[in-house]
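Asks: Here are the chains, one letter per residue:
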Amino acid sequence: MPSWVSYQFQPAPAICLSSLGVFSVAAAGGPGAAPQGLRGWLRRAYRFATDRNDFRRNLLVNLGLFAAGVWVARNLTDIDLMAPQPVP
Amino acid sequence: MGGECCPPQQWRRRPRAGASSRSRFRQRRCPRPRWRRPAAARGAGGRRAGPGMGNALGPAAPRAPRRGEPLGSPGSFDELHRQCKEVFPQQMEGVKLIVTKTLSSHFQVTHTVHMSTLGPSSYHFNATFVGDRQLGPTEAFPTLIGDMDNSGSLNAQVLHLVAERIRTKAVFQTHQTKFVTWQFDGEYRGDDCTATLTLGNPDLLGESVILVAHFLQSITSRLVLGGEMVYHRRPGEEGAILTLAGKYTALKWVATLNVGYGGAHASYYHRANEQVQVGVELEANTRLQDTTFAFGYQLNLPQANMVFRGLLDSNWSVGGVLEKKLPPLPVTLALGAFLNHWKNRFHCGFSVIVG
Numbered sequence: 001m002p003s004w005v006s007y008q009f010q011p012a013p014a015i016c017l018s019s020l021g022v023f024s025v026a027a028a029g030g031p032g033a034a035p036q037g038l039r040g041w042l043r044r045a046y047r048f049a050t051d052r053n054d055f056r057r058n059l060l061v062n063l064g065l066f067a068a069g070v071w072v073a074r075n076l077t078d079i080d081l082m083a084p085q086p087v088p
Numbered sequence: 089m090g091g092e093c094c095p096p097q098q099w100r101r102r103p104r105a106g107a108s109s110r111s112r113f114r115q116r117r118c119p120r121p122r123w124r125r126p127a128a129a130r131g132a133g134g135r136r137a138g139p140g141m142g143n144a145l146g147p148a149a150p151r152a153p154r155r156g157e158p159l160g161s162p163g164s165f166d167e168l169h170r171q172c173k174e175v176f177p178q179q180m181e182g183v184k185l186i187v188t189k190t191l192s193s194h195f196q197v198t199h200t201v202h203m204s205t206l207g208p209s210s211y212h213f214n215a216t217f218v219g220d221r222q223l224g225p226t227e228a229f230p231t232l233i234g235d236m237d238n239s240g241s242l243n244a245q246v247l248h249l250v251a252e253r254i255r256t257k258a259v260f261q262t263h264q265t266k267f268v269t270w271q272f273d274g275e276y277r278g279d280d281c282t283a284t285l286t287l288g289n290p291d292l293l294g295e296s297v298i299l300v301a302h303f304l305q306s307i308t309s310r311l312v313l314g315g316e317m318v319y320h321r322r323p324g325e326e327g328a329i330l331t332l333a334g335k336y337t338a339l340k341w342v343a344t345l346n347v348g349y350g351g352a353h354a355s356y357y358h359r360a361n362e363q364v365q366v367g368v369e370l371e372a373n374t375r376l377q378d379t380t381f382a383f384g385y386q387l388n389l390p391q392a393n394m395v396f397r398g399l400l401d402s403n404w405s406v407g408g409v410l411e412k413k414l415p416p417l418p419v420t421l422a423l424g425a426f427l428n429h430w431k432n433r434f435h436c437g438f439s440v441i442v443g
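Heads up: the sequence lines are chains A and B, in that order.
All residue numbers for the first sequence refer to our numbering, where the first residue is 1 and numbers rise by one.
All residue numbers for the second sequence refer to our numbering, where the first residue is 89 and numbers rise by one.
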């Protein structure tokens, strides 16, 4: 299912070409516009983070995992497997 | 004594405190030291030939070359990620028996029987001939390798050293009676660079070919930069893809990156100590719109004759392979298991390697 299908619940008409590309903004002005915009942004960010079919989302997640893997390799792997067990 | 190196203390521009004018005069008249070849290197025709012409400390040491430390050969382009890939376990399923017999110092045969749970079982016969010209522990020329299975499919490789720096390789693969792959490589290995040209499936009648060119250059003793260009052509279609590559080798780790229009491949290899090695890999394919991450580790315990390799990747797969030698027999037992949590698939296998 293409990633733009998940944006059908936007209040304003929108054509989403990609996950974080062009997306809609609430058209109505007034005091309720800012919370609506923020809520909409949070909703879109959540959907981007959980959309497994999105290439850029998967690339970002795997880049983060790669960085974490490099950190683990450099800092947590200096283990002596033949060291004697500590005496209780 | 003219031409001998003056002791360093006589070349001070400022006289030491309390020094007499006579010592200053001696400094000005001291001739400039001249570099001289050691007496043994001058030969019979040298102007200063004769015994006793060395300085008080003995014959001068030969000058170090003005260039920096040697850069070293960068190796082959296909082996850029090899250290990281060797850490990961190989997929195992079913039961496999591998018997290797060395018939002479040049010839070796291998029988492989694989009883598979996922596909048809198979038998492979492999013969390897190695020539006399040995450049390293794993490089000998010429090398001929042939592998044939029970259905008649052949996989053959010929590696030959044409000149001291030029290597050639030919690869043929058949599926029963039909040729699937025929490939010819030529590689030039310089002191600090490697250039390779590969022809894949050249077909003069069908006017199709795949041309791959690799180049690697050692920039420093630790940094290697290079690139790959793939050109393919067939009737009505042709195209080229360029990929840039870089590799940095430190004392305990190696980082490699390939970036191109088709995607990217990054790997990090870390040798924590004599027992633990870790590999981290990231692959992104823009054509298939797919990315994968993998974390692997290898535990070596020579005291226990054991090697364990583990794997964890972004496809929700975890797996491990345990290899144990059984001395004094020339037998290695390997046990492997892989589980894909997302697809709910599990397969395990074991193999016995004799020889």
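Everything labelled a hint here was simulated from the structure, so no lab data went into it.
Here the structure is a predicted model, which means the values were calculated and not measured.
It is possible that part of the hints are untrue.
[Said to hold, decoys possible] Which residues of chain A face chain B? A partial, calculated answer using Cβ under 10 Å:
no., residue
1, Gly37
2, Leu38
3, Leu42
4, Phe55
5, Leu63
6, Gly69
7, Leu76
A virtual CB, placed ideally from N, CA and C, is assigned to each residue, including glycine.
Asks: Mind checking the CB of A:Leu76 against every CB in chain B and telling me if the closest is under 10 Å?
Replies: holds (9 Å)
Asks: A closest beta-carbon separation below 10 Å is what the hint needs, so does A:Leu38 meet it against chain B?
Replies: Interface hint status for A:Leu38: violated (30 Å vs cutoff 10 Å).
Asks: Taking 10 Å as the limit, does the beta-carbon of A:Leu63 come near enough to a beta-carbon in chain B?
Replies: Result: holds, 7 Å to nearest chain B Cβ.
Asks: Please check whether A:Gly37 passes as an interface residue: C-beta within 10 Å of a C-beta belonging to chain B.
Replies: violated (30 Å)
Asks: The hint names A:Gly69 as touching chain B; please verify it with the least Cβ-Cβ distance against 10 Å.
Replies: holds (4 Å)
Asks: Any CB of chain B closer than 10 Å to the CB of A:Leu42?
Replies: Cβ of A:Leu42 sits 25 Å from chain B, so the hint is violated.
Asks: Please verify that hint: A:Phe55, Cβ, nearest Cβ of chain B, below 10 Å or not.
Replies: The hint holds - A:Phe55 has a Cβ within 10 Å of chain B, the shortest such distance being about 4 Å.
Hint violations for this structure: numbers 1, 2 and 3, all remaining hints satisfied.
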